[in-house]
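Using the sequences plus the hints, can you model the full thing?
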Amino acid sequence: MSTTTDSTPQTHSMGHSMKRKEDPRFIRGHGKYLDDFTLPGMVWMSLVHSPYPHARIVKIDKTAALAVPGVIAVLTGEDLAAHNLAWVPTFHGYDKQMVLAVGKVLYQYQEVAGVIATSREIAQDAAELVDVEYEPLDPVTNPFQSREDKIILRDDRENKTNHIYHWEVGKREETDAALAASDVTIKERIVFQRCHPAPLEPCGILADMSPNTGRLTLYLTSQAPHAHRTVVSLVTGIPEDKIHIISPDIGGGFGNKVPVYPGYVVSAAASVVLGVPVKWVETRTENLTTTGFARDYHMDVEIGASKDGRVTALKVATAADHGAFDAAADPTKYPAGLFGIVTGSYDFPTAFTELDAYFTNKAPGGVAYRCSFRVTEASFAIERGMELLARKLNMDPSELRLKNFVRKDQFPYPSPLGFVYDSGDYHLTLRKALDLIGYDDLRKEQAEKRKRGELMGIGISTFTEAVGAGPSKHFDIMGIKMFDSAEIRVHPTGSAILRAGTKSQGQGHETTWAQIAAEELGLDPQNIMVEEGDTDTAPYGLGTYASRSTPVAGAAIAMASRKIREKARKIAAHLLEAPLDDVEWTNYKFQVKGQPDNALTMQQIAFAAYTNPAPDSEPGLEATFYYDPPNLTFPYGAYIAVVDVDRETGAVKVRRFLAIDDCGTVINPMIVEGQIHGGLTEGFAIAFMQEIAYDEQGNNLNTNFTDYLVPTSLETPHWETSSTYTPSPHHPIGAKGVGESPNVGSPAAFVNAVMDALSPLGVTHIDMPLTREKVWRACRQATTA
Amino acid sequence: MNLEYRGTETIPASKDAVWAFINDPASIASCMPDVLESTVVDPRTFDAVVQVAVGPVRGKFKFHVVLDPQPGGDRMNMKISGGGFGSVVDLDAGADIRADGAGTTLDWTGAASMRGPVATVGGRVIDSQAKRVISTTFANVKSKLSPATVAQPT
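For the record, the sequence lines run as chains A and B. Its first residue numbered 1, the first sequence is counted upward by one per residue in my numbering. Its first residue numbered 786, the second sequence is counted upward by one per residue in my numbering.
Don't read these hints as lab results, they were simulated from the structure. Quick reminder that beta carbons are idealized off the backbone N, C-alpha and C, glycines included. Please note that the accuracy of each hint is not assured.
To be verified - Using C-beta positions, here's what the derived DEER-type ranges look like:
{"#": "1", "chain 1": "A", "residue 1": "V58", "chain 2": "B", "residue 2": "V825", "range": "18 to 28 Å"}
{"#": "2", "chain 1": "A", "residue 1": "Y33", "chain 2": "B", "residue 2": "E789", "range": "42 to 52 Å"}
{"#": "3", "chain 1": "A", "residue 1": "T161", "chain 2": "B", "residue 2": "H849", "range": "29 to 39 Å"}
{"#": "4", "chain 1": "A", "residue 1": "P89", "chain 2": "B", "residue 2": "P828", "range": "36 to 46 Å"}
{"#": "5", "chain 1": "A", "residue 1": "P711", "chain 2": "B", "residue 2": "W804", "range": "56 to 66 Å"}
{"#": "6", "chain 1": "B", "residue 1": "D853", "chain 2": "A", "residue 2": "M478", "range": "53 to 63 Å"}
{"#": "7", "chain 1": "A", "residue 1": "Y33", "chain 2": "B", "residue 2": "K847", "range": "33 to 43 Å"}
{"#": "8", "chain 1": "A", "residue 1": "F26", "chain 2": "B", "residue 2": "V851", "range": "50 to 60 Å"}
{"#": "9", "chain 1": "A", "residue 1": "T712", "chain 2": "B", "residue 2": "E789", "range": "46 to 56 Å"}
{"#": "10", "chain 1": "B", "residue 1": "E789", "chain 2": "A", "residue 2": "L39", "range": "26 to 36 Å"}
Dropping the structure here:
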């Protein structure tokens, strides 16, 4: 059983809203991003993209482009094929993807050629002159068309089908029987639309092959520098010691900077061949049309329940649109990610979920956009499903949730789909949310408004995530286990440098990592320098995505600190002239048991480690730890949205939004709040604005920020936040990770609120994004029906 | 993105004169708006460079135009394909020609298919632009075959 409290403890360094150490340079405009790097002799690469979603390449004529003064080379797929680089493995290695198109193009904007020139402008202009003759083919633009197999997209694959894989977990027969025997069932197709992480800084690379050293240095917008180094080595055959990846400051990743993109490979190959540094920075359109998208899950959700609202079974069947290649970013053994979390916060007696993935003529991807590998899709499915069930039962959605939550005495809770939830108190967190937002009064207000014909809605989402991938017995990417690492060196004067295998893209690791180490070592977090992203110096790690940094690398930092502390205790015993067993770590100092006046600080120990080490002990004070988590962590939350809908215009005003998060131990409350504000804003955008839509001809209709909307402060609602704290029992500091919770949990709260508002009209479901037009049409259709 | 248009022009010239005019690549090229240069490839074909400004898509598009007169002299089909700046435009146009008293009536249709950046701005901006190109072309056919124009050689 877990213990949940209303406040996080404030100790030496943890639980304090310390200002972010990285912010002075960002606020002053002194961050150093990929595009800020230039090298002597550097040239530029620009890509040629296909206007067709599906076409044979008849001919590529480079003549006009090569004739432009300043153009150095034009590379095509055929050129790369000569170096065995026309195709590279996808993320988990089950498929391969074209670097530059060979034979045919499979999605609009696919990369067809790369132009290398002495300036960015010349490269871009010359790219327009590469004359590609296409023979258009009929496109496939959704998974349901794809599964008919009338048009086979991937000639290169042995199996002539668009079906990529089938995945299932749970008990099919038992679930079907339970559903059939249920008093009440709901079934709805719920689509989580194709959206895009759209980081403000797009992806890019500066590749520098040094003819002198034979080393390939890649400045790269990478969320996972070490994994990328290994992939580059495996694909090119270049020994890993000859590859140096530097991931500088990153302006947002959200999963988009995890995969390896054709622009990276072409630039690196060009630098190797030409012997000069080659830079490529994608445009906004390239980012939105070719790099890793998210979601595109079409989920048939069925829930059964008894008349009194006790859930009996859950079944979810999903068609997943993976685009032209199976480049979804999921751990190797989890082709559908952690979608099995779809039973959510509820104690289902039985459940079954299955998924079929299909190729289409759309950009490849399926990245974990601010979520832990398909957890957002799963959370949206179950939270929408519970809302539909409440409606069918004519039961208050909060009451239905409270009736079916996993109880706190059930933790560790084995879910019917194979997870073991670590801890939580879902009842307490939802009750706190209901109390804080004044739920009963809001329902009274809603009843009054409905009498007047006004549309007001209240939406609840009580999600549970599975994050922190992951335990090595289950989690790997291309065979590399998903541990993470930390290396800490304490300097003689008591300051330190901390390096980790993660890579911040705005999460504030320079601050929070220092706070963890400072807490464990009794040092000043201001004097602990944090360094990430340089594969020559940082210990090997799998990087930052899927809310794994704090659950995995954060644990590694605590454990490396404890290794240092154990060594320091020996030094303390030597200095205090006391038996080792009599020396204890109390109040952030070493003291002889029961003698608080006979104590030494870590600073004193550190100095001694270099000036007066203990006999028979190694000088210095440093440690490295590779942390292999025993389980995932399970952050959760209770979100409530309150909306007013204008039936005449379809405009939705999010009047209030309360997010209560429980992410276990909090390292820095200010950073947690910032993460929640950012994620809620993204969730708001997904719910109301954003979709990467394709028309029937395969045209991508959302290729820039005019068509793919990012909310500004004008549109963004005011966020109310609060917390409960249930430390993870298996994490060294009890932390669970929070960066992705608001993106995971909020879309369902928004949609549930709008559907609640529209319920007097009989509207039960509208797929996101809930644009004014869709809401207006639903109102109009209901009114005129 | 697929767009379809149709319209009618009544031309104060004989059906034979209209038929002869629209069978001449150079004449048709001279009727298209915003043409910067045109090259007649053969008696049925011409290439044209057209200035395009559709939302953020601005620049020169290259088009290849093939005339396909139907037997009987009552219908002319025209296939226009080309593009630029990563966009592709395919336009199938056709006109039914019939004598109408002293003049000739030209019932025209056009179906445009667009891909690439130009398709993104499609629904809002390109619809009126494409319609303008097609309607202006046929309006110019009428204009050039009107007596005042015919009487004054250019």
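Going down the list of hints, with the structure as the test:
Remark: the range hint 18 to 28 Å for A:V58 to B:V825 is upheld by a beta-carbon distance near 25 Å. Under the hint 42 to 52 Å, the C-beta atoms of A:Y33 and B:E789, about 46 Å apart, fit the expected range. For the hinted restraint 29 to 39 Å between A:T161 and B:H849, the CB-CB distance of approximately 37 Å keeps it satisfied. For the hinted restraint 36 to 46 Å between A:P89 and B:P828, the CB-CB distance of approximately 54 Å leaves it violated.
A C-beta distance of roughly 58 Å is found between A:P711 and B:W804, which places it inside the suggested range of 56 to 66 Å. For B:D853 paired with A:M478, a C-beta distance near 54 Å keeps the hint of 53 to 63 Å intact. For A:Y33 paired with B:K847, a C-beta distance near 37 Å keeps the hint of 33 to 43 Å intact. As the Cβ distance of A:F26 to B:V851 is approximately 57 Å, the hint placing it in 50 to 60 Å holds.
Against the hinted window of 46 to 56 Å, the Cβ-Cβ separation of A:T712 and B:E789 comes to about 37 Å, which falls outside the hint. Taken as a hint, the range 26 to 36 Å is violated for the pair B:E789 and A:L39, whose Cβ atoms sit roughly 53 Å apart.
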